[in-house]
Structure formats: C-alpha cells, structure tokens
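Chemist: Model the placement of chain B on the given structure of chain A, informed by the hints.
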Amino acid sequence: MASIAEHPVLSSAVSFDVSRLDSQKLRIRNLEHKAERSTSAPDLLAECEYEGLSWPRRASRLVRRMCESERPSIHDDERIVFTRTTASIPPIYTPEQWSAKTAGRTLHELGSISNICADWGNVLSHGLLERKRVALETRRRLMDEPEALEFLDSAIETIDAVLDLAARYANEARRMGKNSVAAILERVPALPPRNFHEALQSLRLLHAVVWMGGHYHVGLGRIDQYLWPYLKHDLDADLLDIASAEELLAEFFISLNKDSDLYPGVQQGDNGQTIMLGGQTREGKDGVNELTHMAIRVALYTNMIDPKVNLRITGNTDLSLLTLATELTRRGLGFPQYSNDAVVIPALVANGYDPADAWNYTVAACWEFIIPGKGMEVVNIGAVSMPLAADQAIRAGLLAHESFDGILKRTALHIEEQVRDLVKGYSTLLLPPAPYYSVLMDGCLETGRDLSCGLKYNNFGIHGAASSSAADALAAVQKLVFLDKCVQPEDLIAAMNANFEGCEALQDRLLHEAPKTGNDPEADSILVTLFEALAESCEAIKDNGRGGRIRPGTGSAMYYLWLTRGKPGDCNDAPIGATADGRRKGEFFSANLAPSPQAQVRGPISVLQAFSHLDYSRICNGGPITMELSDSVFADPEGMTKCAMLVQTFARLGCQQLQLNTVNLTTLLDAREHPERHRNLIVRVWGWSGYFCELAPEYQEHIIRRHLYGD
Amino acid sequence: MQSGMIFDIREFTVHDGPGIRTTVFLKGCPLRCSWCHNPEGMSSLRETIENPAGKRVVGRLYTVEELSSILNRQASILSANGGGVTFSGGEPLMQARFLNAVIDHLNDLHVLLDTSGYASENDFRRVVEKSDLVYFDLKLIDHAAHLHHTGVDNERILSNLQLLAKINVPFVIRVPLIPGVTDTDENLEAIARTAKGLNGLIRVDLLPYNRAAGGKYSALGKKFCPTYDETLVQHVNVGVFEAAGVGARIVGDISK
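For the protein sequence lines, the chains are A and B, in the order given.
In terms of the numbering used here, the first sequence has 316 at position 316, counting the first letter as 1, and numbering is strictly consecutive.
In terms of the numbering used here, the second sequence has 198 at position 198, counting the first letter as 1, and numbering is strictly consecutive.
One chain only, chain B, in its complex shape:
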C-alpha cells in the first residue's frame, strides 16, 4: 500500500476551518516562501530538529490505511462538532495520489484542502473534487514578485484558481500579509480584482504576519532569510476588498 510523508498530525486546530478539526501536515512543498513558518514542511525528506529541549525527527511515513484509521477513529467526534479533517502542509498536492487514496478511505468526514494551488491541473482537480472546502493561498499576483519571494512562478496557481471556480466546491482565498510584500494596496487590489466574481468564493481571509516565523529555522539547521523587512509596520487594508465588493476579514487578533 502506498505511503505518504507526514510531518505532523494536530488535533483541535481551531484556525484551520469550521468546527473541531484535525489537521494533517503533508511534508514537502514546491514553494520556498521566504516567510514560511512551517520550514519543516519544505523538504519531502525526513529531517532532524535540534533545539535546547532535545532532538526530534520530523517526517514519518504513514500508509493510507494507518492514516485513515487514525482519522476514522475520531470521525464521529469531529463530525458531531461541525468539523472534519484539514490537509495542509507543505503542499499536500505534492502527494496527490496518496492524499486521494486517504480521502477515499475516510468515513464520511468533512475534508478541507489547504493548498498553495501549485500543482498539475490533474492533481489539483482530482483532490479538489473530493474536498468539501478549499483554502486557497494567494500571495502575489505579480509574476516577477511571486518568483522572487516564493521561488516559483504563479501561472499554475492562477490557472488552478480559475479551475477551482469551475468545480462546484466552496473555497476561501487566504492571503498571508507579509509586510511590504503582499500587504501593499497594489497587491491587495490585484487579488481583489482576481477574486471578484469567482464562483464558489466564500470570502477572502487576511492572515496577519507572525513575527515568530523565523524561530524554527535554526533548529532545522536552516537559515531564515526573509526577502522583506520584518520590522515594517503591518499594513492591513480590508477596505480594498470592500471597495471591490469582495467579502474579506482579518483572521486572528491583530493586536497581538
């Protein structure tokens, strides 16, 4: 039976969708966003985290059977509480075949796919069609800027977003607010224009920047190299979306 590389399974992830949820973090991501706060999700390989508390291996292979049985054991609790399972990463669609098989093995659980949208059209379509809700991360509309800050071109992402609007699955666009990068009025306006009128769009979520993002890098033996100025004051302009007639909200308490 096929296996997938998972770097964490976390329950009661209250910010990862409706109701009480369990989030499965699939390891490996084609993007290299310089602000990534899950650097252990980047590499598809097993890694060792070393910090003052000790050493810990991140990344474990789960068979489809193993993972689905863990999730099915709690399915009735998650469902009774309006929740389900969220697949996140890394980029879960990097292991689309495995993910598909896992979803097929689930007992009627609400499935949320949290994706960067960077996947082949085929992989994207196959998993999205099996999901109940999609969180679609949209960072930058400008091609060059996207390439600079995330390491990949955004062409696939934007075309998958259009594809998503054609498949009958509700979705939320999530924008991480990176100071001076994604939180500029220019970029937010471009996102609003892109989002406007998309079939199935519930709203746009703006995710305030988390200064603690860099913390995990050294533990992985990596270096945190932000392509932006971390100390810049957070710019949160929901008005741009209101003006465009696109529902948007800020997630979490920005005052923190």
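Isolated chain A, as found in the complex:
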C-alpha cells in the first residue's frame, strides 16, 4: 500500500486567469465564428484548364487559392490567430475528369492523403524559408528531371502561399494595432520560432493549411517533445512563467476546435487531431517534461474534444503522472489513450522499423502507430470481419462433421481470404499528389519526390474487428458441441438460421454456459489463435505493392457498427446474422478489444489479463483495449489512485494500448432524451472523443450498452 499513499500529487489546475479564454471557448462552442465564413469557394477549374495544369500543380494551386481566399480574422482577445473563413474546398477536376483519372484505381476513403503525421518539429525548427531553400537547391540539382521539377515548383508555390497568408495576417494585426501578434507573424512560419509563443502560432498556421489542401485526420504528433525546447528556453531565460505558458497552450488547444465542424469524418469529432505525450527520447530516456504535465492540465481546463490526448507509458511510469492523467479520464473526456512503450517500440522494430525511428512513434487519427514525417502508410485499408470468418467456418465445419481443430483451421483460411481481398483491392491504390504535405515530411524536398510516391515506411494496416464475438462463437462450439456434446451441430445451425426464435433454451446455454472472452481462459486462448491467424495472413504478403507490408491490428474503427447494422449506403455489405455465441442478428459487437456486449464479465482485471496474452509483436497496427468506467469510481480521491493503478497494471501485464471512458448511465440516457441539456457531454467512441449529442443514434446506443466497470 505504500505506493498508494506516498506518490506526490501533481497539480491538475491551471494557474492563469481563465476569463479571456473562457470567452473564446464559449464563442467556439456557440459557433459564433461561423458567421465569419464565406459561403463561396474559389473556382479553380477554369484556370487549371486554361493553364493546362498537371495534377501536382493543381494541388498546389488549390493550396494557393485557398490561402488567398482567406480573409484575416483576428479578434481583440486573441494572441494566437487564424480562423478559417473559406469553408469549402473546391474541386481541381470536373467529375468527368476525376472519373477518367481514377478509372480502374482504388482511392483510399475520400481519396486525398490522410491519417499521417508530419514532422512538425523539423518544419518548425527550420522555418518555411529554409524549406524553400532546400527545394530550390534540389531543383538546381535535378534540372533534367521534369517530374522532380514539377513537384518542387508545386511545393514552392504552396510555401509562398502560406508565407503570403501569414503576411496578410500580420498586416491586419498591424492595422488593428495588435503589434505583438503582427511581429510574430512577420517572423513565423517563415523563420524558426524564437520562443514558445512563436512556435505555437507557427504550428497553428502550418497545421490549418494542411486541412485547407483537402487533407484530413491531420495529427499533431509529440508536441511535448518538439515544442519543449522553445518552452524550456523561455522558462530558463525567465521570458515566460508557467501560468503564461499554460495560457498560450490553452489558446492553441482551443484554436484546434474552431474549424473541426469542417473536417470530414465518419461521425462529427472523428477528425484525427491527436497529440502524443510522454514516451522515450532519442537517447532512450524518459521524455516526460514540464510540457507533458502542462498539456494535461490545459486539456483539463479546455474540456473540449480536440486535441485528442495520447500518453505513452511503461510499467514503470510514475503513479503521480498516471494520477494526473486520470483527472482527464475522470472528466469523461475519453482520453488520454495510453500506449505501452515497452510493447510498442519492440513491436515496431520487429516489423521492420528502424530503431532510430521506432522510439519516436505517435498515433494516427485513432490508435495506429506511425512515425512522424517518415510514413506514407495507409493504416486503415479495411477490417477483417472476425465474426464472419468464424461463422463461415462453424457452419461449414459442422456440416462437414469436422473436428474443432478443423473449424479453427477453416477460420484461419477465411481470415486469410479476407486479408487477401482487402490487399488486392489496394493493389491499384492511387494516392494523389500532396505538395504542401510533402513540405512537412522528411526527405521529399531533399529528393524531389512527392510523398504520394512513398516515404521511408509504406505499410498498410488492417483491423481485426469484433474479435471477441468471433472467439466466443468458437468457444461456444468447442464447449457445447465438442466437449460437453450437449448441443447437436444441426440444432445449432438451425437455431442460428432462425435467429434463435423458438430456440431460447439453446440461446441461453450459448450465452450463459459457454466461455466468454474476458472472462474465461478457454475463450481467451481462442482469441489468441484468431490474431495469430490474422498475423500469419498479413505476414504472408511480402509486398503491398508500395514496398511495404501489411500490419494487423486489434482495433475495429467503425466496423463494429457496420458489421452489425450494415455499412450506410452499401447494400452489398449485408450485416452478419445470429452467431454461435448466442448473439441475435442486429445485436452489437464490441468496439476494439473488449468483451462482447452480450457476455457477462467480472471486470477490468480479467479483461486486461485476457488481452495480455496476445502476441503484440506481430500485431503492431494498434487498437486499444476499451473499457467504460462508472463515474462512481471517482467519488473519492482513493478511486483516482486506483484508476491510475489500473493503468499501471495494464502496462505491467504487457498490453499494448488502452482507452478508458468514464460514463454515468443516467446522464447518457438523459442526454439522449434531452440533448439540449448535455451539449458539452463528451464520450469516447471508437478511437476518438466526440460530443455525445452529435453522434448518430446507433453510436449513442452502443455506448449506452457497453460494459460498465467499477459501479
């Protein structure tokens, strides 16, 4: 018990006067800034045609025209500026041209590059003028390579566009008499920031322009590492005190919420504005610093859905840091999401990542581990439906009077089939040029190659979705059909076909007498087998067509709902019927790694133990153990410490990733009935946090039906 009582308590309260930022927050939550938006977007098609622009040049022209169309918007109470005023992004090809260009090719999601992370630290520390100098130098070297020249000229056009936008903001600030804001924008992002304030302003602008180029799921990476030198400099030189630094960081965090309604995602809030805190330094030391703590305090203050906080830990992370992070969990924001360095880094290395890069991992939009500036990875090309693979195997295997082992082998084959199909679909992947995003990556300007041509890492990721239900279905067959022999194969299949109508007694046995993932070792070990099969199927593919491999993961993304209810607008993808775990058609699967909603489970310890058996060195795409805690856990201070200990236990057991949601069922039910009373209620959905009332009903329903622990 010594460790409980004695760890130092880190302050969770910010120390600045919050009145200025309170009113900024309120403006944003009331969407007042939307009034400044123009309804029109620049029309690019005519000029692109007239000038006969290539695709890269069209992409850079888009960035330029979007920057030019921005009307500087500066409020009197702002110290970090930029509010988007052009809401929509115009096309650079007509629909007919677009169809022709993409015919026979696979586009990932909306088509444009998304879900990667720039090397923000590198761009900040050099400034855009230096990036431009590099581009010009490469241009001189590659004078006889037209494609390189086309790319570099495009990249330079975007750099000039951003510099021009910054200059217009600076002018507007001067006009308004806001000289300090003007002075900052006269310096950054052209030149390296000289202090924390300049760094944040530079980042705000550089980051916002990525969205304006039509990209989405734009992560921010390890801010407490790459911004720390600026803050440390200011603190050491007494240029800034903690309170003022907190205030600046808070304003930056708030600014990330301004335009998020413009960001495309499956649901509002699914926008990938992630930050990663903590974790190792290049030297293998603990990278936690004052900015790590500050970012958590500031996120507690801002209490908004962006940025989405991730925290890298190990089993040795201080309980004091975990307790501070637990304050965020208690607030119900659904973050931080935790990653275990002791598991993730070796797994990345085992999967071909350079140890010199692996230490620096962050997450993409949700949980997928990526290396900032070095990856053009498509970490979510799709999901294997684990329940479908199990269901096909169970039905066919039982009919063929196979052994249980035979059914497991069939399941593995079906998993392999699905993996092959997903990868095959992506063999014709078309990644559009992204000249501005390339400016922010490592090596593109240096080699004259757009990031869409590939970076150091070019892997694909595949989720293994609804895995617990699949393991439970197989475990039920193993126990009731093969071991106890109390259920006849044909009765089981008939009952599933009837959706258990009139077969309630059998359904009851499947639900209550069969082992369940997260509760019983028999089911847990089948889950291990399923992910081994997924890993083997992925490992069998030596090249994804882009010089990369396939990374299997344990997440589900939105597939947990699509597998249940069908993919919206896609009638080819029929939802799966009743399954051998006793689940009826239409009943939910769990999101990510969690016991299936129909299973009775004892709680978080068994759940963590179950998922600790997976071989994460082979499943390195990420995907968190997902648990909902009752807010009653936090009714007294002891509960805070116990939650922090639970997180420590997660890491010590060798699990990979964890997200905790704190919910009050009564509040959720009330919010569904009276959304107007709960406009600010935040919940974790599958790998991101959003406002409960902005979610579609089926996503709300799923959260209400999840297992609730600690009540």
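Derived from the structure by calculation, the hints contain no laboratory data.
Please note that the accuracy of each hint is not assured.
[Unchecked claim] As a list, the in silico DSSO-like pairs of lysine-lysine whose alpha-carbon atoms are at most 30 Å apart:
(1) A:K178 - A:K232
(2) B:K216 - A:K585
(3) B:K55 - A:K585
The structure displayed is predicted, hence computed values, not measured ones.
Modeler: Just chain B now, kept in the frame of chain A:
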C-alpha cells in the same frame, strides 16, 4: 466438493476496501433491510431478473475449486496493487463452511469480510480469524427498531461485534445512512457509544443513502417497500462521532 451460491463476482470494486479488489457476492441473507440495494442477494436460490434489456439468471453454484482458481488467477495483480478479495453478499456468513474452504484455497490474498454480523458465534469466529480486515455493518442499536426495519433482532450482531473486538483482526464499522431511520442523532450517538474503545476498530464509515436503491426490485418481481420516507433530506452528522472520540468519515460524494 462443496459449492456456494454466488450472485456476482465483480472486479475493480473501488469502494470495497483497500487497493484494487475483486468482490465476491454470496447469495442469501437472513436480514430483510427495507433499503437493501442488492435485493438479488436476499434469497439463497437462483432467480431471474427481467428488465427491458432482457432476462438474466442470477445465482450460480461455484465449487470451492472453481471460485478459488478464478481468484488465484488474479492474485498477483491484486496483491501488487495493495488489494485483495472482498467477500460480501447477501450475508457471506450464511455460507460460512463454503467460505472457509475458499479462503483456505487462496494464495496469500488479502481477505476482507463484509458482514452484517448476523451469524452464529462459531461461524463468525471461524471466518473472521481467517480474514485480514472486516467491514462490520451496524445499522441500529435499538432492538425494536432493528427488528422493524431489518426483520431480525440485533442481539447476535451486537454480541458478534464484541467478539470481533476480542479477535485480533482490524475492522471498520459501516453505517448505512437511512433517512429518519439510522441517520438520527440518537442512533448515531448510540453507535458511537457502542464503538468507542473497541479493540481493533479503525474507524466508522458513514454511507450516504442511495436513492436508486429501489430500482432492482421490480426486475426481480419483488416490491420495494421502504419502511421510511425516501424523500427526507439526508442527515449526516459526523460530529456525533467526533464528540465521542471515534474516528469517522463519510464515504463517497454526498453531493451526488
């Protein structure tokens, strides 16, 4: 091997003792406290809960082997986090023989017994001697009131409390604050007088009333019949204990 009737095993029960704990709820209770918020713990038999979410059977027989192996699988985690296992109910001492055997099978786990104290002296002593910590529920000191609100006389309870003070096991007295019943100054003063000077007493925990208590009854096909006025304002007087020199605290956030 003998079996016990369990109605729930819940992990991470943060209000059921020190550290990270798993609580085993044994089914069956000799008391019928009208405020009971675990009505599925009253009957020793299997029951069906039926609510809009569906039907669920509560109550399952576990052999000593089964239950102890579930607990032993997580023993190292519970111990590393300053916790252990809590036996609650119902009244766990109604299955004292089974409980004894389970505890004997545990691998060095911290054991907390959460009891109403209503058990034979022999059962009480045998289990308490194997426990590391006891949560002793004390509701009412007045005999007639106790009989009225809980359905049983409190004589055994009070004598077991004295016995507990003689056995060398630390304990906490827990008082559920029922509006107008147990939370009166008169009753709290009587509890303070009873508690004062008891050997091994760590403190008194006051548990604020949970209005949601009645929710589960209809699902069990039972009727919630409180012997008190639920709408009365909660009276929480820790001062009574301070005056008597007995350490006391309120558990949980009363503002909720």
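Chemist: Compare the structure with each hint and give your call.
Modeler: Here is how each hint holds up against the structure:
1. A:K178 - A:K232: holds (26 Å)
2. B:K216 - A:K585: holds (28 Å)
3. B:K55 - A:K585: Holds - the C-alpha atoms of A:K585 and B:K55 are around 17 Å apart, at most 30 Å.
The structure fails none of the hints (numbered hints given earlier).
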